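So the number in my numbering is just where the residue sits in the sequence shown, counting from 1, plus 38.
Honestly, the hints are just simulated from the structure, not real lab data.
Predicted model, so just to flag it, every value in this text is computed and none were measured.
Some clues are possibly wrong.
Okay, the calculated beta carbon distance ranges per label pair [what the hints assert, rightly or not]:
hint : residue 1 : residue 2 : range
1    : Phe203    : Lys137    : 20 to 26 Å
2    : Val120    : Val207    : 26 to 32 Å
3    : Gly118    : Gly174    : 18 to 24 Å
4    : Lys91     : His173    : 30 to 36 Å
5    : Glu196    : Asp46     : 17 to 23 Å
6    : Asp46     : Lys152    : 32 to 38 Å
7    : Lys152    : Asn80     : 33 to 39 Å
8    : Asp204    : Ala104    : 38 to 44 Å
9    : Lys54     : Ile175    : 34 to 40 Å
Distance condition first, Cα-Cα at most 25 Å in a straight line; then the derived DSS-like pairs of lysine-lysine [as the list claims (entries may be wrong)]:
hint : residue 1 : residue 2
10   : Lys171    : Lys114
11   : Lys91     : Lys133
12   : Lys177    : Lys133
13   : Lys152    : Lys91
14   : Lys152    : Lys81
15   : Lys91     : Lys54
16   : Lys81     : Lys171
17   : Lys93     : Lys137
18   : Lys114    : Lys177
19   : Lys42     : Lys133
20   : Lys93     : Lys171
21   : Lys137    : Lys54
22   : Lys91     : Lys137
23   : Lys114    : Lys81
24   : Lys177    : Lys152
25   : Lys171    : Lys152
26   : Lys54     : Lys152
Note that CB positions come from ideal geometry on N, CA and C, so glycine has one too.
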Amino acid sequence: MVRKRIADYCNQEARKLNGELELDESYFGGRRKGNRGRGANNKAIAFGILERKGKVHTIVVENVRAETLMEAIESKTKKGSVFYTDGFRSYADLKQYGKHNVIRHDKDEFANEKNHINGLEGFWSFANERFHKYHGIDKKNYPFYLKEMEFRFNHRNESVFNLLFDICVRRHI
39 MVRKRIADYC NQEARKLNGE LELDESYFGG RRKGNRGRGA NNKAIAFGIL
89 ERKGKVHTIV VENVRAETLM EAIESKTKKG SVFYTDGFRS YADLKQYGKH
139 NVIRHDKDEF ANEKNHINGL EGFWSFANER FHKYHGIDKK NYPFYLKEME
189 FRFNHRNESV FNLLFDICVR RHI
């Protein structure tokens, strides 16, 4: 119930992000033996948008096709923003929506001055570390756990207890 209220709060707090934005997708849900590279194989797929010097917004997506990611980008960001992504092909049409900067992980490039997605990758690391404590999350509840990680990350410098009390008791979401 608390995670549901956190998810509702995150969705109510959400606004269209703009400015410098980092975009990336991540897969959660156990290890795949012997396989490398992209692939969901029973994993939950999370898409994240980090507003530099701001907050992260996460969305659970069914796949990482260009249409799916562009729909999420257009619904959660303002046109004309500056986007930073890895070289994943699904972001190829992003240049029509704003300025698109690509960092090529496949060519061992991870940061070039402002051209990086290290902030969002830091969030994925933050979330992954906490997900391990749960020893498996049912896929149907995964969106609520992901929103909890978003909430914790966005409010990491605040008193989470007081904020949770406010969300659960005072607001009656």
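A quick look at each hint next to the structure:
Phe203 and Lys137 have their C-beta atoms about 41 Å apart, which leaves the hinted 20 to 26 Å range violated. At about 40 Å, the beta-carbon gap between Val120 and Val207 misses the expected band of 26 to 32 Å. For Gly118 paired with Gly174, a C-beta distance near 41 Å fails the hint of 18 to 24 Å. Lys91 and His173 have their C-beta atoms about 34 Å apart, which keeps the hinted 30 to 36 Å range intact.
At about 18 Å, the CB distance of Glu196 to Asp46 agrees with the hint of 17 to 23 Å. Restraint check, Asp46 to Lys152: a C-beta distance of roughly 34 Å satisfies the suggested window 32 to 38 Å. For the hinted restraint 33 to 39 Å between Lys152 and Asn80, the CB-CB distance of approximately 36 Å keeps it satisfied. Separation of Asp204 from Ala104 is about 39 Å and conforms to the stated range, judged on CB atoms against 38 to 44 Å.
At about 29 Å, the CB distance of Lys54 to Ile175 disagrees with the hint of 34 to 40 Å. Among the hinted pairs, Lys171 with Lys114 is inconsistent with the structure: their alpha-carbon atoms are about 30 Å apart, more than 25 Å. For a cut-off of 25 Å, the pair hint linking Lys91 to Lys133 stands: about 22 Å separates their Cα positions. Using a Cα cut-off of 25 Å, the hinted pair Lys177 and Lys133 is violated, with the two alpha carbons roughly 33 Å apart.
With a CA separation close to 13 Å, the supplied pair Lys152 and Lys91 stays within the 25 Å bound. Between Lys152 and Lys81, the direct Cα distance comes to roughly 31 Å. Violation of the 25 Å bound is thereby established for this hinted pair. Restraint check for Lys91 and Lys54: the C-alpha separation of about 15 Å stays at or below 25 Å, so the hint holds. The hinted pair formed by Lys81 and Lys171 meets the criterion: a straight-line CA distance of about 17 Å does not exceed 25 Å.
For the hint linking Lys93 to Lys137, the alpha-carbon distance of about 20 Å falls within 25 Å, and the restraint holds. Annotation: proposed proximity of Lys114 to Lys177 holds, straight-line Cα distance about 23 Å (limit 25 Å). Between the alpha carbons of Lys42 and Lys133 the distance comes to roughly 35 Å, so the proposed pair goes past 25 Å and is violated. Distance hint between Lys93 and Lys171 is fulfilled; the C-alpha atoms sit about 24 Å from each other, no more than 25 Å.
This hinted pair checks out: Lys137 and Lys54 have alpha carbons roughly 17 Å apart, not beyond 25 Å. Among the hinted pairs, Lys91 with Lys137 is consistent with the structure: their alpha-carbon atoms are about 18 Å apart, no more than 25 Å. Taken as a hint, the Lys114 and Lys81 pair is honoured in the structure, with Cα atoms around 23 Å apart against an allowance of 25 Å. Restraint check for Lys177 and Lys152: not satisfied, since their Cα atoms lie roughly 35 Å apart, outside the 25 Å limit.
Distance check on the hinted pair: Lys171 and Lys152 sit about 33 Å apart at the alpha-carbon level, beyond 25 Å; violated. Taking the CA atoms of Lys54 and Lys152, the gap is about 22 Å. The hint holds against a cut of 25 Å.
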